[in-house]
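Listed below, chain by chain, are the residues.
2 protein chains.
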Amino acid sequence: MSPFAKRKSGSIAALGESALLEKIRRWLGPVSPPAPFGIGDDCAVLPAARGQQLITVDPVIYGRHFDDAVPPAGVGAKLLKRNLSDLAAMGARPTTAVLALTLDPRVSLRWLEQFYRGLAAEARRWRVRIVGGDLTQAENFIGAYLTLLGETAGPRAVTRTGARAGDAIYVTGELGGSRLGRHWRFRPRLAEGAWLARRPTVRAMMDVSDGLAKDLRALTPPGAVSAIDTAAIPVSAAARRLATRTKKSPLHHALCDGEDYELVFALAAQANHTAFEHAWQRAFPRTRLTRIGQFATTTAKIPNILRLDDFAGYEHFR
Amino acid sequence: MSPFAKRKSGSIAALGESALLEKIRRWLGPVSPPAPFGIGDDCAVLPAARGQQLITVDPVIYGRHFDDAVPPAGVGAKLLKRNLSDLAAMGARPTTAVLALTLDPRVSLRWLEQFYRGLAAEARRWRVRIVGGDLTQAENFIGAYLTLLGETAGPRAVTRTGARAGDAIYVTGELGGSRLGRHWRFRPRLAEGAWLARRPTVRAMMDVSDGLAKDLRALTPPGAVSAIDTAAIPVSAAARRLATRTKKSPLHHALCDGEDYELVFALAAQANHTAFEHAWQRAFPRTRLTRIGQFATTTAKIPNILRLDDFAGYEHFR
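Chains A and B, in that order, are what the protein sequence lines are.
Each residue of the first sequence is one higher than the one before, starting from 1 at the first, in our numbering.
Each residue of the second sequence is one higher than the one before, starting from 1 at the first, in our numbering.
Looking at chain A on its own, in the form it has when it is part of the complex (with noise of 0.2 Å):
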């Protein structure tokens, strides 16, 4: 569905600001607690946090994040779930976020009211209050910017840095061809890293947004190189799909594509793996947990493996 209403009538422009800031709270329903606890003053006034507090910001732009082809409400969805994504990479559970909206005032309202449907609705599901705002005017643009506040959920953020050489490196899901669909259709991994960050072995974690290959550099302690069973690799159906059409391998995808949102995090290389992969399939059977290689200081003695850091991933800006 196209953002842009096809008569000036069916715009935003057309209804005017007040109107419209009317409209976005009722669109929003009770995921928007009223002011000054919500939108409607010069701040909202926040609720105690009760463990550690976290931030992080993330949009969703029309032509890069979004296109004709995802629905509105899918839209709103996925700014909320690309941010709690973040969230989950920690184990820590959301709280409250302030939207910033810039809209071409072409803007069709249908459009708009399925995009904060679709955020509310998301919201609602994991107890996020959507407390402010801005609503800016820019022409040939469309973008959404989500800050959400969280809080730990059990005792501790499990942070990108903490891996050791000799920890197994493990991945969620699967992973490649996300553009396919899943960059918006995924469900945040919140349960998984909350579950995670319980256990002291998990000693690194984070989301992989920008394809496993560039990601885990930053998972990879100082001196050490991953060293990844390509094998192992969990190579999504989508990847294998995309690859028939690309012409480049379902591997490339499943290593280089971005927006996987999947979770992948170091185990301590004296953790019981089998005990820990049982506890993880009783927790979640049906998330898949794939062991896909270790953190190594050397790889001249590990057989038929690939030097992820050997690889180029995606950088914006080029």
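Since the hints were derived computationally from the structure, they do not count as laboratory data.
Model, not experiment: these values are computed from the prediction.
We put the CB at the ideal spot given by N, CA and C, even for glycine.
Don't take each hint at face value.
Stated by the list, open to error - Chain A stretches covered by chain B per the calculated footprint, using a threshold of three residues with CB under 8 Å from any CB of chain B:
| # | stretch |
| --- | --- |
| 1 | 43-54 |
| 2 | 225-239 |
Said to hold, decoys possible - With the C-beta cut set under 8 Å, the calculated list includes, among others, these residues of chain B facing chain A:
| # | residue |
| --- | --- |
| 3 | E22 |
| 4 | C43 |
| 5 | L46 |
| 6 | A138 |
| 7 | Y145 |
For chain A, the structure is supplied; the task is to place chain B on it using the hints.
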């Protein structure tokens, strides 16, 4: 200064993302703490808040909030100051910010460096830590979205609601003609806002960002109107200068121009107004404070007043 590089070699696209992120961290300097308390992980971990926490978000967008006439350091400073003004309006002080930046790949490194240095200088001035962000590419668009967290400086946050009929209306500084330069050169009224929040007779407050005529409606109690002594409105020299060009009256500019970033507030009818004004002068000898009228249930008996509620303010999306 134009944000666009004359040659590709001077653009951010020539540098690439990783090198650009390195530079951004250097430009921000000590304003940006190390991960996980700053940029570099999936989320930033926040320090514990002392008072009640507040949140606000505002962007600056090329062609709307700034143009080539505003130096890039001024654009960076304005981005933070717009948000600081929202905290000032509730009597709070700033703590932490995250920044989502969307840039055309042709943006020049020189422009971006000065933008960040201006932002960092302003952040140092107000002790704001910039702890996270996002960098995304888009064609023909330059927008920076800052989400600012703060905390109450005293026992309360002053909201927009709480004024009663009979309360006096005060405004800080001078109004109108902001587009001649003040829109990026202003100093946010954080000290003034915190001072006002400590006085229980200050019943409601907001900042003037869309023009007094429009903004004052949000402060007006239900069933009342704002009765303004037009002769008392502090019309800025810029509003008068602008009026000679636009053929509108200086008063029109003072009431309807946006981006004043002054504070407007309601002082309880029973307060000692003279003592209040004297205390203000001792605290802020160089900041003008003007009593411009009162909230009234009927304006029948008040001579020479303007009912600001009859005024049309600036409507976005028209």
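Against the structure, the hints:
no., hint, verdict
1, 43-54, "holds (count 9)"
2, 225-239, "violated (count 0)"
3, E22, "violated (13 Å)"
4, C43, "holds (4 Å)"
5, L46, "holds (4 Å)"
6, A138, "holds (5 Å)"
7, Y145, "holds (4 Å)"
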